[in-house]
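Please model the complete structure; the sequences and the hints are all you need to start from.
Here's the letter readout for the chains.
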Amino acid sequence: MIRFFMHRREGKAKRAHPNPVLCTDVAGTARSLSSGRRKAGPVGAFAPPTLPALFAFLTLLAPAFAQTAAPPRQHISIGYVEIEGDPRYEPVRGFERLILKTREHPFTGAQIGIDEAAPLVRVLNTEFALERITVKSPAEVAPAVTTALEGRGIHFFLIDGPAEAFKPLAAAAKGRDALLFNVSAEDDGLRRELCAREFVHVIPSLAMRMDALMQYLASRKWRDILVFEGPLPADAETARAFTRSAQKFGAKIVADQHFKAGTDPREREQNNPALLSAIRGNYDVVFVADEAFDFVRQVPYHTVLPRPVVGSIDLEPMAWHWTWEHNGAPQVNSRFEKKSGGRRMESADWAAWVAVKMVVQATLRTRSADFLKQRDFILGDAGFDGDKGLPVSVRPWDHQVRQAVLLAAPYMVAGSAPMEGFLHRTNELDTLGDDEPETPCHMNR
Amino acid sequence: MPTLRLLSAQLCFVVCAAALSSAGWAKDTGLVFVSNEKTNNLIVIDPKTNKVVKDLRTSRRPRDMHFSADHTKLYVACGDDDVIDIIDVAKLQVVGKLSTGSSPETFGIDESRRRIYVSNEEGSSLSVIDMDQNIIVQEVPTGAEPEGVFVSEDGHFVYVTSEVGDLIHLIDADSGNVVQDVVVGTRPRRFAATPDGKELWVSAELSGEVYIIDRDKFAVKGKLEFLPPGMRKTDVTPVDLRITRDGKIAYVTLGHAAHVAVVDVPTRKILGYILVGKRSWGLGMSRDEKTLYVANGFGDDVTVIDLKTRKATVSIPVGRIPWGVVIDD
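Residue numbers (this note's numbering), protein chains in the order written: chain X, 1 to 445; chain F, 446 to 774.
Accuracy of the hints is not assured; some may be wrong.
No farther apart than 25 Å at their CA atoms in a straight line, the calculated lysine-lysine pairs in the DSS-like style are these [claimed, not checked]: (1) F:Lys753 <-> X:Lys338; (2) F:Lys753 <-> F:Lys714; (3) F:Lys483 <-> X:Lys373; (4) X:Lys174 <-> X:Lys338.
What follows is a list of derived Cβ distance ranges for each label pair [unchecked claim]: (5) X:Arg73 <-> F:Asp500: 43 to 49 Å; (6) X:Arg280 <-> F:Arg765: 44 to 50 Å; (7) X:Ile279 <-> F:Lys499: 53 to 59 Å; (8) F:Arg690 <-> X:Met412: 41 to 47 Å; (9) X:Ala414 <-> F:Ser544: 34 to 40 Å; (10) F:Gly675 <-> X:Lys167: 58 to 64 Å.
If you're looking for bench data, these hints aren't it; they were derived computationally from the structure. Predicted, not measured: the structure shown is a model, and the values here were computed from it. C-beta atoms are modelled at their ideal positions from N, C-alpha and C, and glycine is treated no differently.
Here it is as structure tokens:
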């Protein structure tokens, strides 16, 4: 059963609502020409408008009024689909009462995108709104999207689900008038084997993130790398992607050590970072793949050689980081923190924000609420402002959004990939992740 | 109508002051002022020697700067302290502050009404400040991240860009209402008006264009695109622009493309590109229009360009993240 919740607070606390209710967040509040502004303070010091000014003012008002008097206001709803109890948003704990990281659904990211569109109401006569749809399991994502598409005419959806939600979704959406923005699943398989036209992958793929990290290491000439690989399937995926990036950019994995978290002395060869890092030969850096964020915490300062640690801690490749201070990022971060009540903007928030921006830009640039026109605009050559330097855009072969990836240290962004010197024949952003000749997915052919 | 009389008295005051200043009130020092976002200071350069003559502390994050008509005062918007610092140009000292909204970035002055219009990057509004009373008399809501501010010559209209909204707002200065919007390219930044008052040029940073707005119709009538040799379209991120007094030549900084474009205004033809430093943003032109100063945000220096030969002659280290340049001449 699909359920909708209303006025649910952000976060994991108390979210159930007894009755199925539709939650619509209309932040695109319309401000007509005469409202939405306030006068503050005394104005007595000013002269009233002179006659020519009044005349000029009235002349200008004429077309403006004509604009608002014309057709009825259009509404574009964007669905936001999430899964209740999605384990990816459980807090990361050291112990039960020691919370290392809280993790939140990126709904606020989508909301700031809607807020930014508010002034466009005057120009476009269109309001944008979010419809938050919360389901119980990954299997319910596809039916929820179908229902909203057929029953309520929603064409754009932000999908905040794990990889397993996407296969049934691809089947359900195939050939339909829907565009589904993947805002939180980084699995390469969704871009490669699944390869569905109705998806736009806004969050960077794992391959992109690993390429970004490897470009950074290569640019510092840290080419000999010791890998620590965890026991989870996701750790194996990450280590595989990283190894592939190493081959791509000419680095060397000097050893791939499989670790097992714990303190059992009989397993010390696997659980002691000093022993794991006591290998024959040198290495420049230690890369750790640890999805659980458990063992990796003990790696910095515990290696035999004094070497930086990267990957799951200390230097992490990310779509977004709260310390990014270029390209207008401080303003976005500040709008986000205000909206979320102090939470810092993260990668999935960035993806949700950009997905909404894409829909808004498509409406603005095509001057149309026609889905097919909007979709063609988004999937075309258009560049969007992602506040990360080079304009972001959709790769025609696998519908991954090409973008810069930030190399985030805890309190600063150490670099932004593509790093200087990594060149590409058409767009340097395509040095990250699957370029056209490398992918098995060719939607553009 | 007492208020009208007051207005005309103010007008007379300004006009008379301007007339007198040209007769010798202004020191006309020729000094070049560079604001540095990250080091909270203005660097003052002697243009004859290209040497730094003064390091002037300001409030935090100084950005846009404008002189009073008589050049006795320099106003500096300081984004992290929500103030506009007032600098005594003769003494090179901060002598006062005006309060603004959240994170002031650029502003325009209308001396006849004693008003400052300042865009508040964080607050998504334009603050109207009474310069004499030092109060915000009005807040005009704008699209997110307002930046460029241009006050029409007669003071009746204010144009403001919204970087996130991709809009230019036309604001009626008397009522404080947005009366019209026009859609331009992505991330619109700053303005330059042609001297005939017919066109307003607007830089669109992320789409790499300059839009030309017909001011009578308030509609886009053309646009320029740039591509310096060896650069890619995506490197081109135009920010600041200046048009010469005869309305013939425009100079546009191209940000990450590290060049200044030279444009023939009547034909809109690009005449050439001048190599400058990393992330070139702010521009300052000497009154004789012989020298152009370019603030290189990621180079922490200012490039000096000889406009006759259209070549960079020297780079002067200033502070961290130089934002803009103005010249007391």
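Status of each hint after checking the structure:
{"no.": "1", "hint": "F:Lys753 <-> X:Lys338", "in the structure": "violated (50 Å)"}
{"no.": "2", "hint": "F:Lys753 <-> F:Lys714", "in the structure": "holds (18 Å)"}
{"no.": "3", "hint": "F:Lys483 <-> X:Lys373", "in the structure": "violated (44 Å)"}
{"no.": "4", "hint": "X:Lys174 <-> X:Lys338", "in the structure": "violated (38 Å)"}
{"no.": "5", "hint": "X:Arg73 <-> F:Asp500: 43 to 49 Å", "in the structure": "violated (55 Å)"}
{"no.": "6", "hint": "X:Arg280 <-> F:Arg765: 44 to 50 Å", "in the structure": "holds (45 Å)"}
{"no.": "7", "hint": "X:Ile279 <-> F:Lys499: 53 to 59 Å", "in the structure": "holds (58 Å)"}
{"no.": "8", "hint": "F:Arg690 <-> X:Met412: 41 to 47 Å", "in the structure": "holds (45 Å)"}
{"no.": "9", "hint": "X:Ala414 <-> F:Ser544: 34 to 40 Å", "in the structure": "holds (37 Å)"}
{"no.": "10", "hint": "F:Gly675 <-> X:Lys167: 58 to 64 Å", "in the structure": "violated (45 Å)"}
Violated hints, in rising order: 1, 3, 4, 5 and 10; the structure is consistent with all others.
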